[in-house]
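Dock chain to chain to rebuild the complex, using the hints, since each chain is given by itself in its own frame.
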Amino acid sequence: MTSSRRDFIRRTTCAALSAAAAQASFRKLGLMNLLARPQAPSDYRALVCVFLDGGNDSNNMVVPTDAANYNQYLAARPLASGLGLDAATLAHINQPPVFGGTGRTFGFHPSLAEMASLFNQNKLGVVSNVGPLVVPVTQADVVNDSKPLPYSLFSHSDQIQCWSTGRADQRIATGWGGRVADATLTCNGDSGFPTVTSIDGAATFCVGISQNPLAIDTGALDQILVLNGYYGSPDDVARKSSMDFARTIDRTALLVAAASDVTQQAVDISSALSVDPTLATVFPDTDLGSQLLQVAKVIKLNQVSPQLSLNRQIFFVTQGGYDTHQNQSQDQGDRFAELSGALNAFYAATVELGLANRVTAFTLSDFGRTLEPSGDQGSVGTDHGWGSHQFVVGGAVNGGNFYGTPNGATGSIFPSLVFGGPDDITPDDRGRWIPTSSVEQLGATLATWFGVSALDLPTVFPLIGNFATASLGFMGPGGGSC
Amino acid sequence: MRDGFGSLLRGNAVRACSLAAAIVLFTSEAAAAATTFQLSYASVTSGPAAGGSAVVLVGNQFQPGASVDVGGLSVSASAIGATRLSVSMPALAPGSLSDVSVTNPGGPTSTLSRGWFADFLDVSGASPYHAPIETITRDGITSGCGGGNYCPSSSITRAQMAVFLLRAEHGGAYVPPPASGTIFADVASGDFASNWIEQLYTEGVTGGCATGPLRYCPANPVTRAQMAAFLLKIYHGTGYAPPPAQGVFGDVPASLPLAPWIEELARLSVTSGCGGTSYCPSASVTRGQMAVFMSKTFHRAEAIRFLEQATWGPTDGDVGSVLGLGYLGWLAAQYGTPASSYPAQTLWPDDAPGSCDDPCYRDHYTMYPLQTRLYTNALYGPDQLRQRVAWALHKLVVVSADTIPFPAYLAPYLRLLDQNAFGNYRDVLWNVTLNPAMGEFLNMDTSTKDDPNENYAREILQLFTIGTEKLNPDGTTQNDSGGKPLPTYDQGVIDEFKRVYTGWYIDEITCPAPNASETCYDFVSPMSFDPDQHDTDAKVLFAGFVQSPTVVPAGQTGDQDLNQAIDAIFEHPNVGPYLSRELIKSLVTSNPSPAYVERVSAFFDDGGTGTRGSLWAVVKAILLDPEARQEPADPIYGKLREPVLYLNGVLRAFHARGENPANPSDGHYNWVATDMGQSAFRPPTVFSYFPQFYFTPPASNGIYGPEFGIMDANTALRRANFVNQFTFWGGIQADTSDDSPYGTALDLSELQLLAGNPPELVDRLNRLLLHGTMSDDLRASIVAAVGAVDPGDPQRRAQQALYLVAVSSQYQVQR
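Top to bottom, those sequences are chains G and V.
Position 196 of the first sequence, counting from 1, maps to 196 under my numbering, and the rest follow consecutively.
To convert, count from 1 in the second sequence and add 1000; that's my numbering.
Chain V extracted, bound-state conformation (with noise of 0.2 Å):
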């Protein structure tokens, strides 16, 4: 407080009722180490063989003139700071897969393991079957048909296909014992993949094509029908018995012995057929789908993994896409998805008229609208990354329809989210501050120069860009030499900046109809400004905080004093590191690694053009890290799922639906995340839903878990009940007086198939919302649960199962 009271209290700059909180603060921990050098990533993963393709090598504590190399070949690299190097592959040959090393000078070395696919010719990064061809490729399963070519429109015989199987089996150095060729008539040892061949048939996975002799017909194009069985043979263990066919496809009776395995793999969206309800059994399977096959069933894990970070929660069918378009292709294409958004609320007056009913009242004065389209948006849209950062924004830049009840105001401020979710964060905070919501809910609407109220000010830099403290582009704090945090800024900053923002004001408008005979408040444009009410002298920001104050001379219009003030936090250093980690936290983990905070906030600092503040380039940096995409090893990574995030994950899952299967969900269950503590766009203050810094218990671990925040004694059990609510009860009846047309309800048919299985059963549960890892203990207890449930009941089995794996801490805990 540099200068006592006088500043602070003239005007009474208190009279704002700034949101509370018992927010828990923490003293600074003691400054992390720093980061070491290494090489983490690249932004591309291959390209043409001829070269040419823009590369960015992305790490820590690349120094000034670090060198690279690619497959053996120098490579010149400029630098992006200590980040990033920006390189350009080499000419390499077609389907080669290279190492690619930076080493600092006079330094270390890093390599990337086989960093960088050098594109088969006849396979350009446009064609559909590139990323599963360079998967396999990177797999060892092949290394293309010659030539440089990868020949994906060839058929694959059933010879070859003995060896993709396999190596995707036991790895790309697998090798077979040698064939006796004694086993099929038509496969003599020496033969072209005679030892695989007979391996296939030692392991079950194949009994041939023919008896009397036994034949394996090798030079037989493989079908579609029998790729199925092969797939999930390999995959499942050859032990592994589908269910029974239901006859999904036309072409495909539930007669057919292979059926049960083609109705399997479409489940599991390794492929949804060959065009309309056809699976085309007979046809012959191209080397190019074949890929696409071996993809979408052996990298289910890491897609699944993946989409738990990027989306409401994984399924079957996203898994299909991440696979099949990679990672990158499917942010790509995530990135060009409209968004779902919510629509335009029409206004009405602040009291209901007398004529407003019940439904009335629902629809334009409680947040029905808006929470209900947040969870069908969730259930069915198709922007699930756009959704996820949107709600990582929202709960960052808080309007809360506490003191926000109407939908029509509200919904602005998520469209403006949803808007700018992959665009800059320059234009979240420009739009925001004159959003009518927000203005309305830190009181900016309120402030003019003889009554300027502080609370915006204060918490556009607390909350929104740069927090209190001072950080390095890693996020840990900067301390003085007594090891104290340095701050962000005093009071008397914040008494400068709030002189910028009055004169602001949402203004009153001729009602729409069917009101139009009444007053609106104007929540949907941007605040106007009065000029008369903003204070036109000079202010200065930062001063004694940055190096350079921004300067915001006397007489100045509302607009260009907002500019500067906007620039000068947007242009604050802490801002990248602070977003950053606050992103992640809400995506990926709670306690990132300094090195991985660094690497992505570098990336807010300069998307790669130069741009400053693309959230386009932060979200892509966080999921695209190695801290995102390796299985952890460190036991503090991790985050608790919140209740509206647990809640989504289990309802994508299972295919959630209506009451009645045709119909959809209504979307109308926040009253559950509710109940586990979370209402949806309803967080308690400008704090948030939780504290931004909490630690998980016990405390004198150190690790912060801020959705811990709202799991308690009571909300730990009612996030069993929910799970009991949607498992055991039937989701949500529908019921048209209680405002939900149609319920919702999972759909646990699926499961049920598999319940005569109870291994089989949890498997797929394992697979789907732990991404394989559950452990042999876990697994076993469940298995053993599920097995105490009469088997003529395949519904409470599957119910068993689900039950315990969803309420387990090992779901509820995102790794």
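So here's chain G without its partners, still in its complex pose (with noise of 0.2 Å):
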């Protein structure tokens, strides 16, 4: 059974929360106001966030390719059970400098090719072994249920939620992309256009306090929020004089005000897209082609026009399908190869702008797999797992390496790929990997590098302080504050 989860993220709302103050502000984003503010954004930076929705085996994402490491990975999935990869058919990667000295050496799935070039132009990073923690947790700690743990392991709405709101040990209504907006608010001046676009509807991590997320659709930006049925006649006129003068009035009733507002906002947004910048970077005509283009056009749009001149943006992408209980081979590499398409033409998209070094690409996704298969051959998958590794691109991103905290039992940021092993849960031996690093450690140092100051990072992600430290180190250097 198939969950199309990209519906519902598409269809849930970024939109509820703003405060008064943005509500002021959508309101000056009047023309005149915005042309006394003609100056191209300085400073610029984003970050883009990539979901790969249902769960991404990150197993077969990132494999070892020296004998002993690799022979360990097809002892738990042979090539017979139709899950294991052939080494011979991995995209190469250069030995990751961390890895140095070590022999151990990785390649990428046969259909991630981009993504691995990438990681040799040190234009991308992976982040090993990361999940929701709310304090680091050794194995043991896990088998005697000794340290809190994120609540409801293994259920993809609760793990998504963990992901998205950076806490692991409650439910809370905001997302770490919105925080880190929040954080970084002064840095947009008083422009109306909000921090955070999704393309993909809304999710958790848009939702800040200070500002109403935009939700927009793919297509060309000045074809996606359009009020039909005015053509300038008298009556139209008339009739959009009073359909916006409704929008002011009545606001005693709050569900009212808050109606009206989404209204405006979707009407304030629809004339700062008047235009639909075109890039040169040829995009994939694929769903999340698709998105990631419409995340470059927006871009662009910012560095052009007045109405955004935005110096920090935020955005969500979804890319779904990764819940991948049977039919792995077939339906992860389709995922792969579309994701390393889109991808990599969206970085060819930030070099084209100039911007490669001021934008910031990284995949989240539920939760990793068990390393062992499920289901027969025919249809071979794999669950519901904890830990899996995530890619950063960018060119601001200290790519071609593996970052990730070392299990003390192992030394090893890199999981050891055995049943039972130093990173599994046991005794369940499945292989779900205990993370060793947490999700607030990767915001953290995406967000440090966005400009968050060190003063405001606990306030973002309130748990940052149980773990050793805020930053993996895959990022350059910080942003200047604003």
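Just so you know, the hints here were simulated from the structure itself, not pulled from any lab data.
Every value quoted in this text rests on a predicted model; they were computed, and no experiment measured them.
Hints are supplied without guarantee of correctness; some may be wrong.
In silico SDA-like pairs for lysine to any residue, Cα to Cα no more than 20 Å straight-line [stated by the list, open to error]:
no.	chain 1	residue 1	chain 2	residue 2
1	G	K240	V	V1783
2	G	K240	V	A1780
3	V	K1484	G	D169
4	G	K240	V	D1790
5	G	K240	V	D1776
6	G	K240	G	Q223
7	G	K240	V	P1759
8	G	K147	G	G408
9	V	K1484	G	V134
10	G	K240	V	Q1795
11	G	K147	V	D1490
12	V	K1484	G	P462
13	G	K240	V	A1788
14	G	K240	V	W1729
15	G	K147	V	G1492
16	G	K240	V	A1784
17	G	K240	V	P1791
18	V	K1449	V	D1559
Residues from chain V that keep clear of chain G, each with C-beta distances beyond 12 Å, as calculated [as the list claims (entries may be wrong)]:
no.	residue
19	Q1061
20	G1208
21	A1301
22	V1524
23	Q1547
Every residue, glycine too, gets a C-beta built ideally from N, C-alpha and C.
Have a look at this one:
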């Protein structure tokens, strides 16, 4: 049974959280006001979250290639199982410096050739075995249940929530993307355009306190938020005037006011999205390709349109189809090919825009999956896990390397691919990795580069103090304060 | 997580493809203030003057020994918990209105002013005039004809009529100025009702019955034709000029001077005539009929508001029904109305046969047959309340066509919701647990003793019945001493429950014709049971979370285990407040007060006869409660109309039909709702169409508005674009190649009749769509925009007005 969560993400609006200040700022989005500040953004930085929906099996995303470790992998996932990857087919990557001297080498899934190429150009980093954590835990902690653990492990909805909110100890309303936007709001001056834009509906990740995040569709930017039925006749002008007026009155009833504000945002943003910038970079004609193309177009528009002119932007896109309980070989390969092509084009577009060092894309996913295959050979797949690997892409990334926190028992940031081994949840022994780095550390590393100050970091990531470091080291220097 | 991961992971528990969602859950808000003592309403508001009516008084914080007083008479009362008192009404003067009071021992008193109406001797509860006569008596319009009677069959004279009309206009306490006796030759000062008659003349409502000299004919019976004009002049104001007559009634030619008034009265469904296509304009009006006419004319706003909560959207026809029957009578009629529901669908094999052409595929492999039926039921089905409640249950006890994509698979689930919408919630739980669509959706059918799946075990608790936190009876969260919410279960509880649900599966059967040579999955019968796959070890349910955990002994059958588990869940004290709050949110308001939730959830706990779980008792309690009935003062009141409700509301108000007016709508308009973010029967996940707890923007207000979860920049404009499509562009054209044999269009003809008078046009929309709550600012703005349209284009004027009202946030939020 497949679950199409993409639709849900699309339809679950980001657009619910804003403060009175934000409403006020939307009001300011009139052209007159914006013409007063024509300067292009300075010190621009953007984060682009690519959510791999369903729980990506990163065991087949990054595969050891040195003999000893590949053989361990193969023992767990024999070629005959229909799940194991033939080492000869893997996309080659250079030895990550962090493993220098160990003889350990890796490759990417064959469908991730472009990602391997970016890795080898030092534009892509791998964050190894990261996942929701309340505090660092050892295998013994987990077995003995002696430390607090994330709520509802292995449940899609809850683990998406953990990854999106950056809080594994309790359910909270805001996402860390939204909170990062809140913390850097001053960077954006009085632009009425929100910091966070989702191209796939909205998700908790986008929700902050200070602003009402935007959700737009794919397609020509000047065609996506269109109010039909107005052609400029005197009747239309009178109708538009009345419709606009209606949103400014009867605001005592707060739900009425809220509906008016959401509509007002749509009308305002509609006027800001009055051109459809073009890019020379060709994006694949795929769902994710279309979403990332839209991100690139908004980034370009932001450079040229005084109605945006933001110094900080956060984007959210989603790629579905990773819940591979069955038929993983085919399905994940297809997903990876789409991901690799789209992310590669997106990176190229940032180069085209001269912003490669100012835009960082990264993947998140519900959870990793069991190393052990499940199901029979005809439809082999994997089940829900915990820790997983993620990609970080961009010119500001310290690429060409792996990052993470070593397991104290092995000294390695990469999990041992052994059932019941030192990284596994035992006695289950199916190869569900206990993360050694937390979502908060991943987020904090990105947020610091984005410009969140060390002072603000604990506000954005309240549990960050539970971990040894707030930086996993995969990003270049942090952005200046605003 | 009580025991680490061992038990959680044993046997692939998490293999379940539990449906995911980016649901937004919030940390618990601070516990709301405790409810305060109050008497809110009486379950029944009238009964025989001789007494003996069994009435339930509903409120909060009634204490044992609370005393009840009706019309100054002490009445014995027996308590049903803290929210209800059962009393037997005393004998009271016929036609009288009495205050009803409850006093806690030594404590405060709370009074329902004129809470009880003692029936007139000659108008029993069974009379078709009973509800309207109670209404106009409460309005102070009449106190009967003397001797404890109302005389419903007597004709009403023009003199009496003057009194009735002016009291309806100015209130029951109105006293007209003294008559001069100089206006009408046949009305001297001091004559019966002379003050009233002259005032009626002064206000321009009457011009008399004859001239030379001017006369009023006070003793003449009022004719039905005259009454139409009188009523509407009071209702609309005397400046009102009805649209030209069209010749609606066979015995009312358009040339008849009063024909426009008669037809306007019919448009408002105040009258449907006197039988056949006749109106009987010359017939005299009885006092009983008069009560009906007045009630239906002057109480429209309350009825429309009620119908906003109880149906897919008010229509003039339903307004007439509610006002004719009264709320209780209308509810009883709805209870007895058979479900429109969904026709049984023929099972087809999972893989469509090669011979299955496009229409075949549409009818057997897509949601087309069910979605179109949903909408035609909504537009035309008489079982409006059942449909609305079933929709609320669907949103709570979710199965989605996203994973159950065939109509034959989903129809039994929808039918069981319809059939049990007024039944017992335990039956909903039992039936839905064994429903194959649910089994497939939440993986119970794949759950075996060696490979138990926890998906259903978790969701039936978290989403269908009790939620994740312990609740007080008023729906507020129970916290521990540290202020953290008390959980209702943990992983250990799920681990026990999941073993209960093992052994059930969806059977394979020979397909019915025309595919009898193939194998079908039986999504029609409840799931089958395989004892070999059932975990027969003992289970302990809710251990550590309820006072007396349920012990399920080893060696039981699947039925026995399931019955114990469903009982354990159903008896959990959270179910009443949890379900009540969710149903209130779906029908009435996103932010009900704890006192309201408490009053309703008590009806879940005991529907009145000791029965737990009566949905009918809960639904009635939701709709009759003053928090639903009284005009809201609270700024956080109301709910955003979700796309399906928004769409149906506009379409019903304007008599949606096919492109050709002779045809009905074909119901093929789900794509419009999908555009607005809600595809019927296809919620993205088990977390439904939108998050259960979602804040309206700005979040800093802390006001829930789940439907805002699917209102964003994209969908906000598509809401307006839907209205544009149906007002200016004729809705959806008929196109047989596009599965729209008839199309769907609004009927704006009645609005066009008012196009010459923009204020009247906007008032008509204000009444029907906003139950008369449109602010003066909004009204002035829309009137001006309508006035900007060429008066020679009545259609465009009607479109302009309807568009502006329907796209307004004031309409999009049901208040």
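Right, here's what the structure says about each hint:
no.	hint	verdict
1	G:K240 to V:V1783	holds, 13 Å
2	G:K240 to V:A1780	holds, 14 Å
3	V:K1484 to G:D169	holds, 12 Å
4	G:K240 to V:D1790	holds, 17 Å
5	G:K240 to V:D1776	holds, 18 Å
6	G:K240 to G:Q223	holds, 19 Å
7	G:K240 to V:P1759	holds, 19 Å
8	G:K147 to G:G408	holds, 16 Å
9	V:K1484 to G:V134	holds, 17 Å
10	G:K240 to V:Q1795	holds, 18 Å
11	G:K147 to V:D1490	holds, 16 Å
12	V:K1484 to G:P462	holds, 18 Å
13	G:K240 to V:A1788	holds, 12 Å
14	G:K240 to V:W1729	holds, 17 Å
15	G:K147 to V:G1492	holds, 17 Å
16	G:K240 to V:A1784	holds, 12 Å
17	G:K240 to V:P1791	holds, 19 Å
18	V:K1449 to V:D1559	holds, 15 Å
19	Q1061	holds, 28 Å
20	G1208	holds, 42 Å
21	A1301	holds, 17 Å
22	V1524	holds, 20 Å
23	Q1547	holds, 25 Å
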